[in-house]
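Novice: One letter stands for each residue in the lines below.
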Amino acid sequence: MLEVRDLNAYYGKSHILQGVDLDVAAGEVVSLLGRNGVGRSTTVKAIMGEVAPIGSVRFKNKSIAGLPSYRIARLGLGYVPENRDIFPSLTVRQNLFLGQKDAGREGRWKLADMLAMFPNLQRRADTAAGVLSGGEKQMLTMCRTLMGDPELIMIDEPTEGLAPLIVKQVGELISEIARRGVAILLVEQKLSIALDISNRVYVMGHGKIVFEGTPADLKANEAIRREWLEV
Amino acid sequence: MAELVLISTLNGVLFGLLLFLMASGLTLIFSMMGVLNFAHASFYMLGAFVGYQIARWAGFWPALILAPIVVGLAGAAVERFGLRNVHKNGHVAELLFTFGLAFVIEEVVQIVWGKSPVDFRVPTLLDFPAFTIFSTNYPAYKLFMLAISIAIFVALFAMLTRTRIGLIVQAALTHPHMVAHLGHNVPLIFMSVFGVGAALAGIAGVIAGPALVTQASMAALLGPILFVVVVVGGLGSLQGALAASLLIGLLQTFAVSMNLSLSDIFVNSGFSPNPKSVLGDLWRVTIAQIAPVLPYMLLVLVLIFKPTGLFGNRET
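If you're matching them up, the sequences are chains E and F in order. Residue 1006 in the working numbering sits at position 203 of the first sequence; the count goes up by one each step and never skips. Residue 2 in the working numbering sits at position 19 of the second sequence; the count goes up by one each step and never skips.
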């Protein structure tokens, strides 16, 4: 579904991505792991067109490298950025409403579903999203992107800085997304939830993919974990 | 005195609302695209001249409708074919582009309509005094300007807070990337906001043209004040733009009508400054004389004590 080949990206003169190859099949859950600053977020941003991509990016057999972000999103590629860009002056309900690509267009996710799944969002549906807690904001950004009914959703560091209880909820939502047949590319630093729910994992180091395999392969490969993941 | 207060208040509110028609577009464009549009007041001038021309051919009422549309389309074209291409070269390039555009528009207007003021008249339907207080006749046309300005403010506010397009625009004010990631056509939104902003300035031009003087220098006269309004009100805040517009409108109108100087204030206190001393002239400067400077003094004070502006939540 998503095929990335020899993807390069630059911030000014620094060469951040140095030939990344990556695939996500329809309905698959894939994690992109690695330490801070190795280029995981940049990979996702380059796929989404927020950072200029050099190389081949294909989604549903269509080249998307160089397309404006909104066209990429409309092809069915969803993106949840790590900074939880909720629209602070709008209410929770309005945030979710703008997740729909056109007014009234509902896919496999409905507003009522979202509010039923997360009582906190239900309770605060008509308050400004800016006052939500970090965990609530994370739920809101994920739900908002889901309202656009993506076929593949890329989620950047959903559990960063959240309490363990909320991390568990995020994990449950990600499992629910997978159950409804949506492919997931999960960018994570922590191994815990990524290894539990992924079909395949990539490990990134210094702008390149340094490992690809199943979660079991990664658990068995202590050298890779020690060199590229553990602090 | 009561007469002065009442008339100055009406005039101040009117001037403030005219400022708001222009500042609202400027502040939306500024916070959404990061473009400091130096040509914004030029769209106001363009509105006045296009309105004048259409009024000569077809009368004032068609001009009131058509001129803002023409100016709005011109604004949209400036964004689509000018700014969008300049954008990749950064904010300095955009700034210089709009700065140059202001000169181009002024020159073109001078070539077409000449340097001297044109005879843009109040429509005969509204050319009568609405009411007389004490000895002052208040023109009906000014009340009409007030009504138009208020109607547009209400419409703009309703559109931004009640419609889906308005919500998308609000979201794009602070998070344009995220709005694009959700599949909304951000370039189209930018072009539309620029067009609507220009059209609002155009409306201000059409209705202000007959009341003030329609001439090529009218953009340069008003342009700097708009930036004061936007910064004092707070970037991207429509309520802030409204409050600052009214504040500056009233401030200037009242200041112009006050012939008070510092020595007048102290005259009864027994303190009499020596008029021959170095700063002696300072004591005789009247408030009316410093009226044009007051908005800029307010700007400096706001930047020192509340850099986010009265209603804004981001640094200037």
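Just so you know, the hints here were simulated from the structure itself, not pulled from any lab data. Only a predicted model underlies this, so the values are computations on that prediction, with no experimental measurement involved. C-beta: ideal position from N, C-alpha, C; glycine also. Incorrect hints may have been included.
FRET-style restraints, in silico, Cβ to Cβ [claimed, not checked]:
id: 1; chain 1: F; residue 1: Phe288; chain 2: E; residue 2: Arg982; range: 40 to 46 Å
id: 2; chain 1: F; residue 1: Pro106; chain 2: E; residue 2: Pro891; range: 32 to 38 Å
id: 3; chain 1: E; residue 1: His1009; chain 2: F; residue 2: Val75; range: 33 to 39 Å
id: 4; chain 1: F; residue 1: Gly17; chain 2: E; residue 2: Asp809; range: 42 to 48 Å
id: 5; chain 1: E; residue 1: Gly964; chain 2: F; residue 2: Pro45; range: 38 to 44 Å
id: 6; chain 1: E; residue 1: Asp1020; chain 2: F; residue 2: Gln222; range: 37 to 43 Å
id: 7; chain 1: E; residue 1: Arg982; chain 2: F; residue 2: Gly17; range: 26 to 32 Å
id: 8; chain 1: F; residue 1: Gly17; chain 2: E; residue 2: Glu1025; range: 46 to 52 Å
Novice: Each hint should be assessed against the structure and marked as holding or not.
Specialist: Structure-based check of each hint:
1. F:Phe288 <-> E:Arg982: 40 to 46 Å: violated, 55 Å
2. F:Pro106 <-> E:Pro891: 32 to 38 Å: 45 Å Cβ-Cβ, so the 32 to 38 Å window is violated.
3. E:His1009 <-> F:Val75: 33 to 39 Å: holds, 34 Å
4. F:Gly17 <-> E:Asp809: 42 to 48 Å: violated, 33 Å
5. E:Gly964 <-> F:Pro45: 38 to 44 Å: violated, 59 Å
6. E:Asp1020 <-> F:Gln222: 37 to 43 Å: violated, 57 Å
7. E:Arg982 <-> F:Gly17: 26 to 32 Å: violated, 42 Å
8. F:Gly17 <-> E:Glu1025: 46 to 52 Å: Check passed, 49 Å falls within 46 to 52 Å.
Hints 1, 2, 4, 5, 6 and 7 from the earlier list are contradicted by this structure; the remaining hints agree with it.
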